[in-house]
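The primary structure of each chain is shown beneath.
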Amino acid sequence: MTALLLAIPLLPLLAAMAALCVGRRVPWGGGEFVVIAVALSLILLIFNPDGANLSATWFESGGFRLTIGLEVTRLTWFVAMIVASTALGVGIYSLGYMAERPDRPRFFAELGLFVGAMLTLVLSSSLVLLFAAWELVGLASYLLISFDYAKAGAPQAAAKAFLMTRIGDVGLLLGWLLALATIGTTDIDALIGAIGTDRIDSYAITVIAFLVLAGAIGKSAQLPLTGWLPDAMIGPTPVSALLHSATMVAAGVFLVLRLYPLFEAAPAALVALFWIGAATALVAGLIATAEVDLKRILAWSTASQLGEMMIALGLAGPLAASFHLAAHAAFKSTLFLAAGAVQEETGTRALDRLGGLIRAMPFTGAVFLVGALALAGVPPLSGFWSEETILAAAAQSGVATAFLIIALVLLAGIYVGRATTATFFGGRRPTQMGEPGWPMCAGMGLLALAAVALGWILAGQLGNILPFPVEPEAPTAWRLLAVAAVIVGFTFGVWRGLAPAFGSLPAKFGRGLMAATEAPGIWAMQCARLLDPIEDALDSVARFIAAAARAMASAAHSAECRFDVGAKRTAGGIWRLARDTERVEVLGFGRGGDALAAGIAGSSERLRTLQAGQLYLYTLALFVWTAAALVAGGLMLWL
Amino acid sequence: MIVPLTAYLVVGAILFAIGVYTVIAQRAAVMILMGIEVLLNAIGLNIIAFWRFTAPTDYSAQIFAILVITIGAVEMAIGLALVMLLYRQRQTVEVDAYAELKR
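Protein chains in written order, with the working numbering: chain Y, 1 to 639; chain F, 1 to 103.
In isolation and in its complexed conformation, chain Y is listed as follows (with noise of 0.2 Å):
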């Protein structure tokens, strides 16, 4: 099984290898790829048991052990079962919504890179392949966002949302850095398990958690870096709805999820959460209800409920963030998915040049109502479930934290019954349109089903399958004030339809903190600016070493062309003298030769003779020589 492990990652990034490879040639663009391997996916998690794990030792060097792993703990199964289902969702929906486009299969790649990176960080067990995979994420949603490239505004927007998610990855890397120089592993059960020995002391656990909740606020878009998420819109919806619900935002709170033993030890950054969340959760809520765009609204509404589950985690919920978090992933992508159906058919997303649509498209305008009521927060709905929990971990807190949740209940029910009002009901605009094709009314189906469902199918058994506190529940006139709440600020929210509900303060307001957001991209943009001078002069350095080399070439080719003819030249003459040397040796040498070996043949033969073959005359040789040598050697003895 753990084998499979491995598998859950690496099926949706093979499915977008395949889909870049081969997308054209298959009738969804490479899009069934991506869902099977979703599929796929979702179903090896199911039957992956608790405590799967597959970790090695990347390297180690000089006392630090770098480790990259997966691990199926109740956490990463139950966010890694959270993305692979709003994954499946958001991608039978894509093959509908991209079903027109020839450039699909690279969005299905991106999709796929986008859906794997985003499980290997759920499942990871290492901080680095965590890190690693958290900085894919990004790339991935870069990708998506400036998918429409030729679109105005379109790469601003994907530049806008890496650059400011990357200004909180800069936290994350320090932060896992800090605690790999302090617990010499990268291993996240060795950073837990170390919390409260006395291998790391509480000043650095502080820093570590301060460091991991940067790239917490980076990722989910808090305050100070909301001002990417809206812009983000402008991608795909697919990529919308999936980016707001389990991909990219999600990322965030399910950081501080994985190592909330961290940040328990760490109650300054519980209280830095806390508040960096209500204030998010308040601003975006406000500036949601002022928005005119209905894709905006349901983003400022996500930073919002992001905010809400920072809340959760701040006051020591984790059990209600992390149910909100899946039901939020439920409810956001169906309303995202309804949304993108709705601009298919219109051509836009401006809230008052839409209206009436219910009676046009009465499937989408029923699954946008049913995201609506839950993001409302209407009982028996998922959100209901979920923001009850939250209610209870802030009614255990005070008073004080108790009504927050309220008033951003209230102000949830104002801006989602403003968007279905505007969008779905009153007079009707448009006309000519229909109900998309089946696969998106697949996708968003089977999202609202979820958002349904969701909430009374965990709300017993969350306890369960989480290994956090369960909150006791709330007191009886809280969640009474709650629904009450809920009730009127939907009515509210509709009563008011198109126009801002408080008046047009928020949208400046929204507009000045787009703008003071934008500050640290901008000067980020300013810097590499400043780069542009050096770059010239660089490119004219470059230019003239261009020039200097052609000029350099041209001058070697004539130099070559002369010395091209000095080289027949010398050739020619060099053919000659073996010509003439070739006529030398055959009238010379030749004919020598012949002579000399005519020479030798000759006196060879008559050597010859001298062997005349007979027995007695090599016997008397033999005798004449040795007397001849005896002779010889006595004369030489006695003179």
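Bear in mind the hints are in silico, worked out from the structure with no lab data behind them.
For glycine and all other residues, C-beta sits at the position ideal for the given N, C-alpha and C.
Honestly, I wouldn't trust all of these hints.
What the hints assert, rightly or not - Distance ranges between label pairs, derived from CB positions:
1. F:M84 x Y:A597: 43 to 51 Å
2. F:M84 x Y:L635: 20 to 28 Å
3. Y:A597 x F:T6: 52 to 60 Å
4. F:I78 x Y:G634: 31 to 39 Å
5. Y:L635 x F:P4: 21 to 29 Å
6. F:V10 x Y:F623: 43 to 51 Å
7. F:I69 x Y:L635: 54 to 62 Å
8. Y:A632 x F:A13: 18 to 26 Å
9. F:Y59 x Y:F623: 30 to 38 Å
10. F:V10 x Y:A597: 49 to 57 Å
11. Y:G634 x F:Y59: 23 to 31 Å
12. F:A13 x Y:R591: 57 to 65 Å
13. F:I78 x Y:L635: 17 to 25 Å
14. F:I78 x Y:R591: 50 to 58 Å
Here the structure of chain Y is known, so what remains is to put chain F in place on it, guided by the hints.
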């Protein structure tokens, strides 16, 4: 009367001359082998004579003589065997017929 050394040497020289003549002049291979035997015996006679008259106490010359006789016997055996084979092949023992190398 004591036969002087010179007499032995003369006999040995005559024997050697007869052997040389036989080896050179005879045409039959068997006769040539016989001449060789005479040559060997002439040398053996010389060795014995020199031993007897110059160093009668040293026995190494006797051993040398026995060695010469042994070599003569062995040479005769191999030589006759070769001649026999040649005769079977050529039906003759005349050495003038064995002139294949002279072509």
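Now the hints, each set against the structure:
1. In this structure the hint that M84 (chain F) and A597 (chain Y) lie 43 to 51 Å apart at CB holds, the actual value being about 45 Å.
2. Between M84 (chain F) and L635 (chain Y) the C-beta distance comes to about 44 Å, which lies outside the given range of 20 to 28 Å.
3. Remark: the range hint 52 to 60 Å for A597 (chain Y) to T6 (chain F) is upheld by a beta-carbon distance near 59 Å.
4. Between I78 (chain F) and G634 (chain Y) the beta carbon distance is about 34 Å. The supplied range of 31 to 39 Å therefore holds.
5. The supplied range of 21 to 29 Å is met by L635 (chain Y) and P4 (chain F), whose beta-carbon atoms lie about 27 Å from each other.
6. For the hinted restraint 43 to 51 Å between V10 (chain F) and F623 (chain Y), the CB-CB distance of approximately 19 Å leaves it violated.
7. For I69 (chain F) paired with L635 (chain Y), a C-beta distance near 34 Å fails the hint of 54 to 62 Å.
8. For the pair A632 (chain Y) and A13 (chain F), the supplied restraint of 18 to 26 Å holds, since their beta-carbon distance comes to about 20 Å.
9. The hint said 30 to 38 Å for the Cβ distance between Y59 (chain F) and F623 (chain Y), and at roughly 32 Å that hint holds.
10. Checked against the hint of 49 to 57 Å, the C-beta distance between V10 (chain F) and A597 (chain Y) comes to roughly 56 Å, which is consistent with it.
11. The beta-carbon spacing between G634 (chain Y) and Y59 (chain F), approximately 30 Å, falls within the hinted interval of 23 to 31 Å.
12. The hinted window of 57 to 65 Å between A13 (chain F) and R591 (chain Y) holds, with their beta carbons roughly 59 Å apart.
13. Take I78 (chain F) and L635 (chain Y): their Cβ atoms lie about 37 Å apart, and the range 17 to 25 Å is violated.
14. Taking 50 to 58 Å as the suggested C-beta distance range, the pair I78 (chain F) and R591 (chain Y) conforms, at roughly 54 Å.
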